[in-house]
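From first to last, the protein sequence lines stand for chains A and B.
Just so we're aligned, residue 397 is where the first sequence starts under this note's numbering, counting upward by one.
Just so we're aligned, residue 1433 is where the second sequence starts under this note's numbering, counting upward by one.
One or more of the hints may lead you astray.
Stated by the list, open to error - Pairs of lysine-lysine residues, derived as DSSO-like cross-links and limited to a Cα-Cα distance of at most 27 angstroms, are as follows:
#, chain 1, residue 1, chain 2, residue 2
1, A, K770, B, K1665
2, A, K561, B, K1498
3, B, K1667, A, K562
4, A, K561, B, K1667
5, A, K730, A, K561
6, B, K1667, B, K1677
7, A, K715, A, K688
8, A, K562, B, K1677
9, A, K549, A, K599
10, A, K730, A, K657
Honestly, the hints are just simulated from the structure, not real lab data.
Each chain, written out:
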Amino acid sequence: MAQKITIEPVTRVEGHGKVTIHLDDNHQVTESRLHIVEFRGFERFVCGRPFWEAPVLVQRLCGICPVSHHLAAAKAMDMLVGAGDGNGLTPVAEKMRRLMHYGQIFQSHVLHFFHLASPDLLFGMDADPERRNVIGVILEHPELAKQAVLMRKYGQEIIAATAGKKIHGTGAIPGGINKNLSLEDRDAFLNGINGNPDLSADKMIEWSEAALALLLDYHSSHTEFLDGFAAFSSNHLSLVRPDGALDLYHGIIRAVDPEGKRIVNDVDSRDYLDVVEEEVRSWSYMKFPYIKELGPKEGWYRVGPLARLNVCDFIPSPKAQAAFEQFRAYTKGKPNHMSMHYHWARLIETLHAAEMMKELLLDPDLQGTDLVIKGERCGEGIGLLEAPRGTLFHHYQVNEQDLITMCNLIVSTTNNNEPMNRAVNSAAVAQMTGKAEITEPMMNAVEVAIRAYDPCLSCATHAMGQMPLEVTLYDAAGAVVDQQRKGM
Amino acid sequence: MSEDMNGGMDNTLTDPLSSTNLMSLTIDGQEIQAEKGQTIVQAAQKNGIYIPTLCALHADKESGLKHDLAPGTCRICTVKANGRTTAACTTPISQGLVVENDTPELNDLRKTIVELLFVEGNHFCPSCEKSGSCDLQALAYRYQMLTPRFHYAFTPRKVNADMPKLLWDGNRCILCRRCVLAIRTEEGEPLFVFANRGDKSTITVDTELIQDISEELAQQAMDICPVGAIIRKGKGFDTPFGQRKYDHSPIGSDTACSSGENKAGGEKS
Ligand code: SF4
Ligand code: SF4
Ligand code: FES
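Chain B on its own, in the form it takes in the complex (with noise of 0.2 angstroms):
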């Protein structure tokens, strides 16, 4: 809810405008409250439930985004609502909604996925600057990929290191549209954009723009990725073995799943 909403009221659940918009829902079982027109990755993390995500993500101060991102590309989220298969990022959530999410059934499809991913990409993580940092070998982590069920697709990819402050490789890239939708010039104006369709899809990057972003820009570029394809030029690999993102806790652990571990009530901050 934002500012002007609130006109500068105590913003907290006791409010009666908030009170009324809540709804009730179901997921794994545990009954969660959430406000209307969140999705059910939103009320579910608020809940304190892990729902995986590789394209979607939250407007925080880690982010560094004013608004949630969900572009629903990568299907990783996929869950079940009152019995059909849906992206749990794009599906918003309604009165009485049973989701169903951290079962055997969708985990080995979320696994799926991140395999998929893995075969279609040219994935090296040894060398990779995002390894322990990179969403999708985190993913590969939780869900425990070992052999690959799939060929690999050696499928030839680029690299684009025309920019200056930046450095795409089409080896890594998930086509997951983050950097798209959040990685803007001041007037609005994308800096990466998709091109082609199907398999031919890519990433191309406004030459002109891309010229000169900030330093910051740029940094926000390679945070915003969820996975190695966004590197800054230059300097890499200056984060120590210990201090990477997913060194202490893997991913999702900070919100625990819902196989008898949930944060009783969840988060209400």
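If we strip away everything but chain A, and leave its shape as in the complex, we get (with noise of 0.2 angstroms):
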């Protein structure tokens, strides 16, 4: 008989999901949809407010990197503001904004891989959920646990330095910064905050080496698992600096093919519509990016940690440089399509984050105090960025008094809307197919594919082993034949 499974609700930052499993008669997957009721409210709301209060609104569309919208929003209004597309600030203002980004980056990966996914790798994923939890961690990984935690205050400071706060700060306005950095600050980043030793640039390099360290071990013993598990192959898209590096905060737009091939070549970031269209679909409130020239079928990419390592050249630190080549060595020099190998990219970029943020404080700039500039104002104004979990595409329209008019965002998690929901399918067939009894390893391994491209409040909750989910085993007449809930 034909069933139907949901799991739901899948609780995310943007709102609420869903997934829903369709077997058919023989407990073959026939097809599977990750529904995300993604809150799309703020392109409506945004409207008719003062386009300086942008950067300060739109952060709150995220709780894990409200950062990373926060300086889209600001690319913006620089260009709003006749200050240029990202590149034309004040050296003081762009390296600020870098820092506060890199802090970001590196605080979101750090909570992304030991917070979220470390559990299921250290355990695996069908271990007890008693003990596959960050609780899990802390009590048999104790050191580890710690510079966990103190990787993530240190990424949380650097952002309250340059941004105000911890979270939701207003570091960035249009044309600028509204601060330098202070040298106590500078001295205390650089030796260790509060004077602790721990809380300095070198042991955040130092760890996030070793974190990589772990991952590539981990690898060696689950090779088959890392590699296999929700691999599927795909276009990928991100911002890269002119020359081919990577690069987190301001870039041209590129993207390759499966095997590598050059499909977006190199494309102003203003120039965002030429590239990327959205397809509605009638099952989901999110919409699926694609890249134009290929059509919604073909089009579709990956962006985030794993698509910018496929994307880029090189990447512009010595450490992170070396773990790069042994990724693309990996796969011979071709993209890398295994979504476990988002966490690998991701620590690569943790230690990119790392290097760059002692690189930036040791940077006398950052004490300039040239904050803002700003040239003729316009109507419009584009600002795109690599936010931890992928490309962000900002685009507002202005009026003559300064109202904003209209509001267009593609967020990372829309940029991986499609590869999500193919990552959830893979999972579901691997483990469903044959079966017809939901069990809990099942339910976390579709969310173990989520989380490789996407944290959420939920994985937040399960991490404590209490996630709130429904599955429900639907029959062809829509009887519900079996129901399994936790957390809730």
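Once you've looked at the hints, go ahead and assemble the two chains, each given alone in its own frame, into the complex.
This is the structure we're talking about:
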């Protein structure tokens, strides 16, 4: 008998979601869908507000990476006030923003890997959920847990020193920044916050290397799982510096096909509408973006750490570059399509962020006093940025009275909508084929697939072993034949 | 007291002219002295006692005002004077007056006023530029406003962005009338005026006069507004956290309240 399994809710930062898995009479998975009821209200309710409020307003889009939205909007506002498109700011403004952004990338990646993903890796996906959570990590790997906490704290403190607050700061303003970095703060970050040498720039680099080594060690003993789980080929898209370097703050748009051939070649970020288009599907509130030229069927792509390392030519910091070469060699220079390798790429970027933070802290430009510039005001602003989980597109139009009249946002999760659906399907096929019963490890496998791309509030709860999850099994007539609930 | 009246004399409380004008009164049991003609708010402030105000504002360097303002519109300063409830900013002192100010009953009333102002407008503090420097928000912290006791009114409010240097956001306006009284052209003509009545009351702007106001007047209009209703255009959020008005000391902490913490004797400058 044909069945439909529903996992609901998969609570997300943007709202609620659910997973449905359709089985045929032989318990074969025919289709899986990740439905995300994303709250897109932001595009409407920033309309009518003055443009300089946007960087502060839109960062409420996300509780984990507010800085990314803050900066993407601020970059759009730079263009609006005639301060260039991300390259035209004063050195202190650009570098303060970059430092803020690397602090964000660093803390978000650390949270994503250690808090949300590592329990699955350290204990195994089908381990007892009582153990497979962050408390389990703390109990069995106390040193690792301590490092994770301090790394996250370091990133948060960098954000606080540059944006004013750990979350929802106001540092970036149209055309620049509202403060520079005090010498006192600089010394604390270099030598150790509050005199604690464990909270120093060098420690962050050292621990990032250790985290990467931990993952590679895990990979050597679980190669089949990490390489095979939710793997599928796709296009990859990200911003890169004009010389091809990984650049998380600003760049040109580039995309490669599954073989690594350029399909979008170095397009100015202001021309993003020439490159991407969004498709609406009846069963999801979230749109499906695709590369315009290839159409919705062929043009969908992945964003985020994996995509960025597939797209860029090199990483402009030595330790991360060495790790990148190893990563590239693993797939013989071709794009890497293994979903679980998102974590590998994520840890290489974590190391890069740590190196960049140190480099920036040593730069005397950060103590400059020339904070804001303005040029000729125009009516449209576009800001693109590489957020922890992928490319962000922020686009605004403003009337002569300075009020926003149009806002289009394509967030990382939206960019990864199709890939996440595929990853869920792939996990479901592997776990559900031939089975009629919903098991906890099966539900977790679906979440592991989602989690490789995007952490979510539900995952944070899940890390405590309490993810609010409901799985319902329907027969062909729509009657419930099995139901599993946890954490509700 | 103006310079003209003083005739250049040393203006201190030992001045014979001033001392004959002194009156004694008590606020929350503390005996203080103040000049005849002063309001309860003025007398309290002179003596280091905090009575909250939203619409009233003293003339000083910070406010840039030449005259004290006391439009009496907000009622946050409500006290009991000789047992009768009254607005402290508009009630003159009298000899032997007994004022109750920092009492649970009055503070609860003030909290209620703050809550009503919040549910009546549309206040989204996190994106408001005045956040951290806003008197209404600061009072909400002072009176520990937590969850709303009243239903949100969801009042449809307008934003006036037609002015060249300023933006007026009706969502945040508490109709205190400060701008109406204080922001004027050099000839004394008001730029902001009250329009309509009752719950339709609003602020309108003289579209002609507002066209060529100076940068300074625009800034003063923003500063004089106790909330984020009048905002300078084209810039914003340029005051970092830590440098906003109430970042280091909450509202009213420069003048102690009377729960045993009054600065003895108050200020005598
Ligand atoms: S005016 Fe004051 S209370 Fe209203 S939103 Fe702004 S900060 Fe909050
Ligand atoms: S705009 Fe400001 S100053 Fe004017 S009435 Fe409204 S709140 Fe008061
Ligand atoms: S301060 Fe007295 S009525 Fe407003």
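Against the structure, the hints:
1. Distance check on the hinted pair: K770/A and K1665/B sit about 14 angstroms apart at the alpha-carbon level, within 27 angstroms; holds.
2. Between K561/A and K1498/B the CA atoms are separated by roughly 37 angstroms; this puts the pair beyond 27 angstroms, and the hint is violated.
3. Restraint check for K1667/B and K562/A: satisfied, since their Cα atoms lie roughly 23 angstroms apart, inside the 27 angstroms limit.
4. For a cut-off of 27 angstroms, the pair hint linking K561/A to K1667/B stands: about 20 angstroms separates their Cα positions.
5. Restraint check for K730/A and K561/A: the C-alpha separation of about 41 angstroms exceeds 27 angstroms, so the hint is violated.
6. Between K1667/B and K1677/B, the direct Cα distance comes to roughly 18 angstroms. Compliance with the 27 angstroms bound is thereby established for this hinted pair.
7. Note on K715/A and K688/A: the hinted pairing is violated, with a Cα-Cα distance of about 36 angstroms set against a maximum of 27 angstroms.
8. Taking the CA atoms of K562/A and K1677/B, the gap is about 20 angstroms. The hint holds against a cut of 27 angstroms.
9. Restraint check for K549/A and K599/A: satisfied, since their Cα atoms lie roughly 13 angstroms apart, inside the 27 angstroms limit.
10. With a CA separation close to 9 angstroms, the supplied pair K730/A and K657/A stays within the 27 angstroms bound.
Checked against the numbered hints listed earlier, the structure breaks hints 2, 5 and 7; every other hint is satisfied.
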